[in-house]
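Counting with the working numbering, you get residues 8 to 280 for the letters of the sequence shown.
Do not take every clue at face value.
With a straight-line cut-off of 30 angstroms between C-alpha atoms, the simulated DSSO-like cross-links for lysine-lysine are [said to hold, decoys possible]:
| no. | residue 1 | residue 2 |
| --- | --- | --- |
| 1 | Lys153 | Lys168 |
| 2 | Lys243 | Lys259 |
| 3 | Lys243 | Lys213 |
| 4 | Lys168 | Lys98 |
| 5 | Lys259 | Lys237 |
| 6 | Lys98 | Lys153 |
| 7 | Lys168 | Lys259 |
| 8 | Lys213 | Lys153 |
| 9 | Lys168 | Lys237 |
| 10 | Lys259 | Lys213 |
| 11 | Lys243 | Lys168 |
| 12 | Lys213 | Lys237 |
| 13 | Lys168 | Lys213 |
Ranges between beta-carbon positions, derived for each pair [claimed, not checked]:
| no. | residue 1 | residue 2 | range |
| --- | --- | --- | --- |
| 14 | Thr252 | Gly208 | 14 to 22 angstroms |
| 15 | Asp135 | Asn216 | 19 to 27 angstroms |
| 16 | Lys259 | Glu91 | 35 to 43 angstroms |
| 17 | Gln131 | Pro225 | 49 to 57 angstroms |
| 18 | Glu120 | Gly159 | 38 to 46 angstroms |
| 19 | Glu120 | Arg239 | 35 to 43 angstroms |
| 20 | Ala145 | Ala211 | 41 to 49 angstroms |
| 21 | Gln125 | Gln105 | 24 to 32 angstroms |
| 22 | Lys243 | Asp95 | 22 to 30 angstroms |
These aren't lab readings, by the way, just hints derived from the structure by calculation. Every value quoted in this text rests on a predicted model; they were computed, and no experiment measured them. Built from N, CA and C at the ideal position, the CB exists for glycine as well.
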Amino acid sequence: MSSRRSLAFPLSALLLFVFTSLSSTLLSAAPANDLLRLHQLRLATQKSLGDFYMYNGMEGDQRYARMIGESLQEGQSHLDGLGEMPGDASKALRAQLQTNWQSYRSGLQALMEAMRSQGFTDLQPVADLAENNQRIMAISQELYQKIQQESGFSVPQLTQKSREQSLLMQNIALDYASRSASVGASFFGGGEERAIDELAGEFASKLNNLSAAQQNTPEINAALNSIGTKWRYIEKSLRNYNENTVPFLISKYSDSIIEGLEAVAAQYATSQH
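Could you put together the complete structure from these sequences and hints?
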């Protein structure tokens, strides 16, 4: 009997440990997944605006119309996929984000329809769209921080740096596309007040820092080398953005670079846990 009791206690303790560990894993998975969705929503938002400028600049190229539609669908899916927010502040920010996203989506779709029916867009709706884009980015950034604050979960450092690098690349591509677009003499960008060549310098420096990280696995190093090769192919054009513009090239390579950085971020997330 005593031996049974002695066995029962360790078993119950083991089950409690397993349950606690599982609960902890599930609790951390919820904010981690929501933060990833929120990050991907931000990328989709920026890409949709950049592709709109490409659509405008390429005089209604249907390739970009399809890409805009895909980005809007992805953004909506990421927004709908957000789980229960960890606190009142994050719940309020999520509600704001949903409202602004619907306004942005409707505005972009209306501009697309104007391009299809008229062959051009008025300047004010484009300015309004860019302003709404900036509002979404500000609210989503605040929500990204608030989820971490209220849940007690922090995105692993190198994962965060990779995500920031993806957003920087997307913002550079957006700014470049907006400068190349035929929406009039005014410049409607993604909210970046810094010159593209300065942003390009920042991207190059931060990419070097990621490549030098001691935690890098051989797979991550290979991925970063591939990203670096693609980056060097467009870096000169970005640093000399006032010369011959190559918006199609920048759009194509930035998409590939971002895809690579997102894969690196996922590998970092796995290796840092």
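Evaluated hints:
1. For the hint pairing lysine 153 with lysine 168, the CA-to-CA distance comes to about 18 angstroms; that is within 30 angstroms, so the pair holds.
2. Of the pairs offered as hints, the one joining lysine 243 and lysine 259 holds, with about 15 angstroms between alpha carbons and a cut-off of 30 angstroms not exceeded.
3. As the CA atoms of lysine 243 and lysine 213 are separated by approximately 17 angstroms, the hinted pair is consistent with the 30 angstroms bound.
4. Annotation: proposed proximity of lysine 168 to lysine 98 holds, straight-line Cα distance about 26 angstroms (limit 30 angstroms).
5. Using a Cα cut-off of 30 angstroms, the hinted pair lysine 259 and lysine 237 holds, with the two alpha carbons roughly 10 angstroms apart.
6. Distance hint between lysine 98 and lysine 153 is fulfilled; the C-alpha atoms sit about 10 angstroms from each other, no more than 30 angstroms.
7. Simply put, lysine 168 and lysine 259 have alpha-carbon atoms about 22 angstroms apart, close enough for the 30 angstroms limit, and the pair holds.
8. Proposed proximity of lysine 213 and lysine 153 is supported: the alpha carbons are some 25 angstroms apart, at most 30 angstroms.
9. Between lysine 168 and lysine 237 the CA atoms are separated by roughly 19 angstroms; this keeps the pair inside 30 angstroms, and the hint holds.
10. Pair hint lysine 259 plus lysine 213 holds up; C-alpha atoms about 21 angstroms apart against a cutoff of 30 angstroms.
11. Note on lysine 243 and lysine 168: the hinted pairing holds, with a Cα-Cα distance of about 23 angstroms set against a maximum of 30 angstroms.
12. Of the pairs offered as hints, the one joining lysine 213 and lysine 237 holds, with about 15 angstroms between alpha carbons and a cut-off of 30 angstroms not exceeded.
13. Taking the CA atoms of lysine 168 and lysine 213, the gap is near 8 angstroms; set against the 30 angstroms cutoff, the hint holds.
14. Here the CB-CB span from threonine 252 to glycine 208 is close to 19 angstroms, well matched to the stated 14 to 22 angstroms.
15. Distance hint for aspartate 135 and asparagine 216: a CB-CB separation of about 37 angstroms, inconsistent with the stated range 19 to 27 angstroms.
16. Range check, lysine 259 to glutamate 91: Cβ separation about 39 angstroms, and the 35 to 43 angstroms hint holds.
17. The hinted window of 49 to 57 angstroms between glutamine 131 and proline 225 holds, with their beta carbons roughly 52 angstroms apart.
18. Roughly 45 angstroms separates the CB atoms of glutamate 120 and glycine 159, a value that falls within the hinted 38 to 46 angstroms.
19. In this structure the supplied range 35 to 43 angstroms holds for glutamate 120 paired with arginine 239, their Cβ-Cβ distance being about 39 angstroms.
20. The hinted window of 41 to 49 angstroms between alanine 145 and alanine 211 is violated, with their beta carbons roughly 26 angstroms apart.
21. The hinted range of 24 to 32 angstroms is satisfied by glutamine 125 and glutamine 105, whose Cβ atoms lie roughly 30 angstroms apart.
22. Restraint check, lysine 243 to aspartate 95: a C-beta distance of roughly 49 angstroms breaks the suggested window 22 to 30 angstroms.
Hints 15, 20, 22 from the list above are not met by this structure, while the remaining hints are.
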